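Sequences and hints are given; from them, build the entire structure.
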Amino acid sequence: MSQAVMTEKAVMTLEASGLTRRFGDRVAIEDVSFHVAPGETYGLLGPNGAGKTTTIRVVCGLLAPDAGEVTVAGLPVAATATEAKARIGYVPQEVSLYPDLTARENLRFFGRLYRLRGQELRDRVEEVLELIGLADRGDDRVESYSGGMKRRLNIGASLLHRPELLVLDEPTVGVDPQSRHAIMESIANLGTAGMAVLYTTHYMEEAERLCDRVGVIDHGHLVAEGTRRELVARVGEKDRITLSATGSLALFAEACRRIEGIEQVDTADSSVHLIATDGRRRLAQVLAAATVTDTSVRSVEVEEPDLEAVFLHLTGTALRE
Amino acid sequence: MRTSPVVVIALKDLRQRLRDRSALVLGLIAPLAVAWLVSAAFGSTQTFHMDVGVVDRDRGQVAAAFESFLRSPELRDLVTVTVVPSEAEARSKVDAGTLDTAFVVPEGFSSAVLAGGGRPLTVLGSVDTSVATQVSRSLASSFTAQLEAVRLSVATAVDAGAPHAQAAALAQAAARIRPPETVAAQSASTRSIDAISYYAPGMGIFFMLFAISFGSRGFFLERAGGTMERLVAAPITPSAVLLGKSLATFVYGVASLGTVAVFTSLVFGAYWGPVPAVVALVVALALVLVGLTALVIAVARTERQAEGLSSILVFGLVLLGGNFIFISAAPPLLRSLSLLTPNGWALRAFTDLAGGADWTAAVTPVLVLLAFAAATGGAAVLLRRRVVTP
Chain A
1 MSQAVMTEKA
11 VMTLEASGLT
21 RRFGDRVAIE
31 DVSFHVAPGE
41 TYGLLGPNGA
51 GKTTTIRVVC
61 GLLAPDAGEV
71 TVAGLPVAAT
81 ATEAKARIGY
91 VPQEVSLYPD
101 LTARENLRFF
111 GRLYRLRGQE
121 LRDRVEEVLE
131 LIGLADRGDD
141 RVESYSGGMK
151 RRLNIGASLL
161 HRPELLVLDE
171 PTVGVDPQSR
181 HAIMESIANL
191 GTAGMAVLYT
201 THYMEEAERL
211 CDRVGVIDHG
221 HLVAEGTRRE
231 LVARVGEKDR
241 ITLSATGSLA
251 LFAEACRRIE
261 GIEQVDTADS
271 SVHLIATDGR
281 RRLAQVLAAA
291 TVTDTSVRSV
301 EVEEPDLEAV
311 FLHLTGTALR
321 E
Chain B
1 MRTSPVVVIA
11 LKDLRQRLRD
21 RSALVLGLIA
31 PLAVAWLVSA
41 AFGSTQTFHM
51 DVGVVDRDRG
61 QVAAAFESFL
71 RSPELRDLVT
81 VTVVPSEAEA
91 RSKVDAGTLD
101 TAFVVPEGFS
111 SAVLAGGGRP
121 LTVLGSVDTS
131 VATQVSRSLA
141 SSFTAQLEAV
151 RLSVATAVDA
161 GAPHAQAAAL
171 AQAAARIRPP
181 ETVAAQSAST
191 RSIDAISYYA
201 PGMGIFFMLF
211 AISFGSRGFF
221 LERAGGTMER
231 LVAAPITPSA
241 VLLGKSLATF
251 VYGVASLGTV
261 AVFTSLVFGA
271 YWGPVPAVVA
281 LVVALALVLV
291 GLTALVIAVA
301 RTERQAEGLS
311 SILVFGLVLL
321 GGNFIFISAA
331 PPLLRSLSLL
341 TPNGWALRAF
351 TDLAGGADWT
361 AAVTPVLVLL
371 AFAAATGGAA
381 VLLRRRVVTP
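Top to bottom, those sequences are chains A and B. This note's numbering applies: residue 1 is where the first sequence begins, and numbers increase by one. This note's numbering applies: residue 1 is where the second sequence begins, and numbers increase by one.
Everything labelled a hint here was simulated from the structure, so no lab data went into it. This structure is a prediction, so every number in the text was calculated from the model and none was measured. You may find that some hints are simply not true.
[Claimed, not checked] With a straight-line Cα cutoff of 25 Å, these simulated SDA-like cross-link-like pairs (lysine to any residue) come out:
hint: 1; chain 1: A; residue 1: Lys150; chain 2: B; residue 2: Ser92
hint: 2; chain 1: A; residue 1: Lys150; chain 2: B; residue 2: Leu18
hint: 3; chain 1: A; residue 1: Lys150; chain 2: B; residue 2: Glu87
hint: 4; chain 1: A; residue 1: Lys150; chain 2: B; residue 2: Gly226
hint: 5; chain 1: A; residue 1: Lys150; chain 2: B; residue 2: Met228
hint: 6; chain 1: A; residue 1: Lys238; chain 2: A; residue 2: Val297
hint: 7; chain 1: A; residue 1: Lys150; chain 2: B; residue 2: Gly225
hint: 8; chain 1: A; residue 1: Lys150; chain 2: B; residue 2: Leu11
hint: 9; chain 1: A; residue 1: Lys238; chain 2: A; residue 2: Val223
[Unchecked claim] Calculated from the model, a selection of chain B residues having no Cβ within reach of chain A, i.e. all distances over 12 Å:
hint: 10; residue: Thr3
hint: 11; residue: Leu11
hint: 12; residue: Leu37
hint: 13; residue: Arg57
hint: 14; residue: Glu67
hint: 15; residue: Ser130
hint: 16; residue: Gln146
hint: 17; residue: Asp159
hint: 18; residue: Gly161
hint: 19; residue: Ala233
hint: 20; residue: Val279
hint: 21; residue: Val299
hint: 22; residue: Phe315
hint: 23; residue: Thr364
Yeah, the Cβ is synthetic: ideal placement off N, Cα and C, and Gly gets one too.
In structure tokens form, the structure reads like this:
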């Protein structure tokens, strides 16, 4: 995960404030505000129909908001705001390429639309093909590609002009595990390259792995945002520590109860179950207690609450419902 | 130098169209092939000619006069005469198609005519040469009418007191007399139009109109495939997207009809007219193509609808406009209806130009075509202001 820079609001790559968009009587998003700093990967996490795609379309100037404002690198975004749009790389949810053109022809076309010309265009096309692992298939028509290759090219077409903000709308939907892993690796590297990334997903694992901060969106409202740990702390979820051990487990349990942050201790046949805040930080004291009480610990497992639990807590529904 | 996004989009569309074999076939190969086939089938519709046989069983003076009549300079371009020894052979040649028709001059024909009577000339024809048979009957009737006129002239002179001994001289003098006035067919144009010169533009325009289907379907495919979303997200204005796609349709239209014009002129000898007037017409037609494509896009909601609407539009226009028939030979109602269509106006202009009219004959049609283009384009804008949406 890349290092996030979140404190300097003056240098934010993306600022979205008070975004509201209706389709007839239906409110797709309402008063959605967030920002993404340079080098930060921000995840919009929510189930299908939560408002993620609408938010992204407003951010990219594809939809005009009924209220609110979006700026990219300080420039307001609108359908005709070419300067702001030139700073955005947009990866649509579906593969959006010309199947009857080759990968190189697709990249050259989109590169020209993003104002690349001549040698710079040629160089960038080759760099991107190398980056997405399609250099040896660049002259093949896209229609001959596998689903994963198309997905990689779909992302590559948005990287040609080195955007300040990369916006990805659920880029791994329908992708095989191998390609999904490759895509996530590529995106993780983009953050370290200084690019701000706005990433929508309904896969909790992706948000946890890729995103510096996560915004939880449900029914068009951004219900919470922060780092994973901040979100977990906010909803009050605790870590679970399970120790498989032999010896005087009752003494060991009693010693654990005296450790600060350990809130509950239960013993079973050959194991001790602890509920703690910030469990990993308590581990050293727990193991010291085992030594003191002459308890032999065979294995330790720490279960931290995930975003699934956070989402369930915040919305009352599971993420994939 | 930075290429305009309009040109970038147009070049991409044209590249895709070149990759699409059906577009190449319909845009270039089909119009050339069909124009050639149609013109070969119909031949030169303005130059009628027939091969006739003459079976002279009479061997007399009037029979010789009839053969001379058929070989006269007035009929030289219409008739080629072959003397056939017998009626049976003549009938056989007509049936075989070697001759279009044959005249049988009966035995005793001359003496009967000179005696003031007559014997019928026989015309042999076939169902395959109905026009030639009709023309041959008319020629036979014309000749016998002339004989009757001479006979009446001589009889009138003899009744008035002219000596019988001078009857033969009187007959020869009467035969030399021609009607005081003749009707000569004269085309409004200074040259006749051969079939290829009519059908080349006709077929070229017909297949050019198929670009409406390609253009509108491509637009909906771009939308369904998500690439329209990418285009709108790019740092270009929505109007650049629309102009780029219109430019591609325009170039395709000009290239399609232009290639047909050049190819049919060089290879098939078609005459399209003065180059500046032809260029103006081709450009104006391509603009109409852009307008009609925009209209279909504005009206249709899906690719399938666009395809259906395009087909109806194309076939409606070519049927009314006269792309498949010589519109000048069509009933008056169809001739009037053809002027409701842009292709009808264009064909009228191409016909006039091919017939020898100067460039001014294209001015009104070009203006009408530009008005068509403006009207259809304007209607498209009014029907759907936000055509370029993801």
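| field | Verdict on Asp159 (chain B) as a residue remote from chain A, using beta-carbon distances over 12 Å | value | holds (92 Å)
| message | Beyond 12 Å on every Cβ pair: is that true for Gln146 (chain B) relative to chain A? | response | holds (73 Å)
| query | Given the hint that Lys238 (chain A) pairs with Val297 (chain A), does the C-alpha gap stay at or below 25 Å? | reply | holds (22 Å)
| field | Restraint status (C-alpha distance of Lys150 (chain A) to Leu11 (chain B) at most 25 Å) | value | The hint holds at about 23 Å.
| task | Verify that the Cβ of Glu67 (chain B) lies farther than 12 Å from every Cβ atom of chain A, and report whether the claim holds or is violated. | result | Non-interface label on Glu67 (chain B) holds, nearest chain A Cβ at 69 Å vs cutoff 12 Å.
| Distance rule for Arg57 (chain B), whose beta carbon must clear each one in chain A by more than 12 Å | holds (74 Å)
| Interface exclusion of Thr3 (chain B) relative to chain A, criterion Cβ beyond 12 Å | violated (7 Å)
| Non-interface claim for Leu11 (chain B): all C-beta distances to chain A beyond 12 Å? | violated (9 Å)
| Given as non-interface: Leu37 (chain B), which should sit over 12 Å from chain A by C-beta | holds (31 Å)
| Proposed proximity, Gly225 (chain B) with Lys150 (chain A) (alpha carbon, max 25 Å) | Given that 25 Å is the threshold and the Cα spacing comes to 13 Å, the pair holds.
| Cβ separation check - Thr364 (chain B) to all of chain A, threshold 12 Å | holds (40 Å)
| Holds or violated: are the alpha carbons of Lys238 (chain A) and Val223 (chain A) at most 25 Å from each other? | holds (20 Å)
Of the numbered hints listed earlier, those contradicted by the structure are 1, 3, 10, 11 and 19.
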